[in-house]
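So the protein sequences, as listed, match chains A and B.
My numbering applies: residue 1 is where the first sequence begins, and numbers increase by one.
My numbering applies: residue 1001 is where the second sequence begins, and numbers increase by one.
What the hints contain is simulated information worked out from the structure, not anything from laboratory work.
Check the hints yourself; a few may be wrong.
[Stated by the list, open to error] Cross-link-like lysine to any residue pairs, in silico, SDA-like; alpha carbons within 20 Å at most: (1) B:Lys1303 x A:Gly55; (2) B:Lys1151 x A:Met81; (3) B:Lys1300 x A:His51; (4) B:Lys1267 x A:Gly55; (5) A:Lys96 x B:Lys1300; (6) A:Lys80 x B:Tyr1154.
[Claimed, not checked] The following label-pair restraints were derived from C-beta to C-beta distances: (7) B:Phe1124 x A:Asn60: 41 to 51 Å; (8) A:Lys95 x B:Ala1120: 20 to 30 Å; (9) A:Val196 x B:Leu1218: 49 to 59 Å; (10) A:Thr10 x B:Val1039: 32 to 42 Å; (11) A:Gly52 x B:Leu1244: 41 to 51 Å; (12) A:Met211 x B:Tyr1296: 43 to 53 Å; (13) B:Val1234 x A:Gly147: 20 to 30 Å; (14) A:Pro63 x B:Pro1266: 16 to 26 Å; (15) A:Gly12 x B:Lys1303: 43 to 53 Å; (16) B:Leu1007 x A:Gly27: 49 to 59 Å; (17) B:Lys1303 x A:Asp25: 44 to 54 Å; (18) B:Leu1093 x A:Ser178: 34 to 44 Å.
[Claimed, not checked] Computed far set for chain A versus chain B, every beta-carbon distance over 12 Å: (19) His51; (20) Arg94; (21) Asn146; (22) Val199.
Even glycine gets a Cβ: it sits at the ideal position worked out from N, Cα and C.
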Amino acid sequence: MILIENLSKTYGSNRVLNNLSIAFDQGKVYGIVGENGAGKTTFFKCIAGLHGYEGTIESNYAPLKEHLGFLQTDPYFLSKMTGREYLQLLCNVRKKKVSNFDEKNIFNLPLNRYAADYSTGMKKKLALTALLLQENGCFILDEPFNGVDIQSNMIITELIHKLKSLDKTILISSHIFSTLSNTCDEIYLLKQGSFVRHVYKEDFEDLEKEMMDRTVGDSIEKLQLK
Amino acid sequence: MNYYLSLQLEIFHRHLSESGIPPFLAYILLGLLFVGLSVVIFTSLDSAYAPYVYALLGLSLLSPLSNAKRNDFLKSCFSGQDRLKVRVLENVLCSLPFVGFLLYQGAFVVALLLVVGAAALGSFQLNIKSNHSIPTPFGKRPFEFTIGFRKTFYFIALLYFVAFMAIVVGNFKLAIFTPMMIYFICLIYYNEVEDAFFVWNFAGSPQQFLWSKMKEALINVSILCVPLIVALCVCFPSKILIILGFQFFGVLALMSALLTKYAAFPKKPNVPEGLLLTICILAPPSLLVVVPFLYYRATKKLKSVLNDPN
């Protein structure tokens, strides 16, 4: 599990995260939703330890960083490094030995091609494969469905179900509500650095409707499209 | 076009300013180091080969300017003729320090060849796209060496050829120069700074991280250099101690390049780190002091990325 207390993050005078306190249990999938700039990625990077912060983050994994798989919105790839070498590198740094990458290549990626030349979706699938091969206990998946084809979206959804059954802790952010309602047990709504709503599975529909009303409202009508 | 070139100069000045050194002082220091390195090359090599090796080095340093992405950007800014003029002009301008030193050495023909070569390189674009990657012997330990080898394998092949020729004609000075050049090429591999995410992923302390990187570097550079060193030891048995001494300092220089990268991490090593590294190359015994210093600085820099509480 991950226990967060009074987590705050400021950039200069700009307070991005406001005293967040929350607990993420093992074997559960949590969705974090919010508008662009709400602080989702900053929140994830604080948990990962990629950003400094105020407050405390504790976990039954010590240290959490070494058991955490973090899929970034826009995974970074080095030039002239093949997909296979990327997987090898990320397994090496976690001291995991994988004998056959081809067998584990569930997205059928061209592993002998340079990863930097992959399409957006392929890059995301490669980064996700690497995290799975690392055998992490916790996963942060920042926009895992973005740019990925529909078949792979299905595989990712099934993967999340499988990870949940293996008692892993999973945090997901997504701008596609249906992907969250299919996978999450609970959803937190982040707004201006604070959690303003917390809903369980049975109330997902209400949350979606509420967000729809609040976000869309009559804004499209104002355009007076002809 | 003038605006583009003045903008390049401005960007260069910004890099210098960010490093904390006033541009005028940086120019003086860089000039002195350039002359120092040039003198080292000309004094350590046979006078018949030195200008050619020096010109090749000058040309090799121009290759990043031919980068496909950079050229795509230029294409979007300039029409065909103007883009060609920009590329040729910047290549020739960048080669001028080398041309100047060649002229000072009296190597007029080689200087002319360098200008022509630089201009010709400017009219080419390295945009070879393929579904296949270049195989490397570093697949089990991928990163700096896999990436660097793919960019420089032709130089390494050329150096092996030069070493073979040097052994055939019994020219020890030239022969010992080849593994040193390979070490120098490998130093450049550590110029590429990875995203903090790759370092963050490492399971262990900063010390463990640096030792694993150094172990990898040692294995990888050995794959490239050991065949040459063995050949040199067999063909010049009376010079074994000199050969091994050079290798020792080559390895230390490689370690200092690796540690320099992480001493500046997550930023790219800038002028101060570059100066320190160049001093090490010019005065190898200084490595014995500089390497521990860089190791200490690198462990401090890596603490926050690796969330090390100690």
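Each hint, compared with the structure:
1. B:Lys1303 x A:Gly55: Holds: Lys1303 of chain B and Gly55 of chain A sit about 19 Å apart, inside 20 Å.
2. B:Lys1151 x A:Met81: Given pair Lys1151 of chain B, Met81 of chain A holds - Cα atoms ~11 Å apart, limit 20 Å.
3. B:Lys1300 x A:His51: holds (16 Å)
4. B:Lys1267 x A:Gly55: Between Lys1267 of chain B and Gly55 of chain A the Cα gap is close to 27 Å, so the pair fails against 20 Å, i.e. violated.
5. A:Lys96 x B:Lys1300: Given that 20 Å is the threshold and the Cα spacing comes to 26 Å, the pair is violated.
6. A:Lys80 x B:Tyr1154: Status holds; Cα separation ~15 Å.
7. B:Phe1124 x A:Asn60: 41 to 51 Å: Given about 57 Å between the Cβ atoms, the range is violated.
8. A:Lys95 x B:Ala1120: 20 to 30 Å: violated (48 Å)
9. A:Val196 x B:Leu1218: 49 to 59 Å: Between Val196 of chain A and Leu1218 of chain B, where Cβ atoms are some 54 Å apart, the hint holds.
10. A:Thr10 x B:Val1039: 32 to 42 Å: With Cβ atoms ~52 Å apart, the hint is violated.
11. A:Gly52 x B:Leu1244: 41 to 51 Å: At roughly 46 Å between Cβ atoms, Leu1244 of chain B and Gly52 of chain A fall inside 41 to 51 Å, so the hint holds.
12. A:Met211 x B:Tyr1296: 43 to 53 Å: holds (52 Å)
13. B:Val1234 x A:Gly147: 20 to 30 Å: For Gly147 of chain A against Val1234 of chain B, whose Cβ atoms are near 56 Å apart, the range 20 to 30 Å is violated.
14. A:Pro63 x B:Pro1266: 16 to 26 Å: Given range 16 to 26 Å: holds, Cβ gap about 20 Å.
15. A:Gly12 x B:Lys1303: 43 to 53 Å: Given about 23 Å between the Cβ atoms, the range is violated.
16. B:Leu1007 x A:Gly27: 49 to 59 Å: holds (55 Å)
17. B:Lys1303 x A:Asp25: 44 to 54 Å: Violated, since Lys1303 of chain B and Asp25 of chain A (Cβ atoms, about 30 Å apart) do not stay within the stated range.
18. B:Leu1093 x A:Ser178: 34 to 44 Å: violated (56 Å)
19. His51: For His51 of chain A, whose nearest Cβ neighbour in chain B is about 10 Å away, the distance does not exceed 12 Å, so it is violated.
20. Arg94: With a cut-off of 12 Å, Arg94 of chain A comes too close to chain B, as the shortest Cβ separation is near 5 Å.
21. Asn146: holds (17 Å)
22. Val199: holds (31 Å)
Of the numbered hints given earlier, the model fails hints 4, 5, 7, 8, 10, 13, 15, 17, 18, 19, 20; all others are met.
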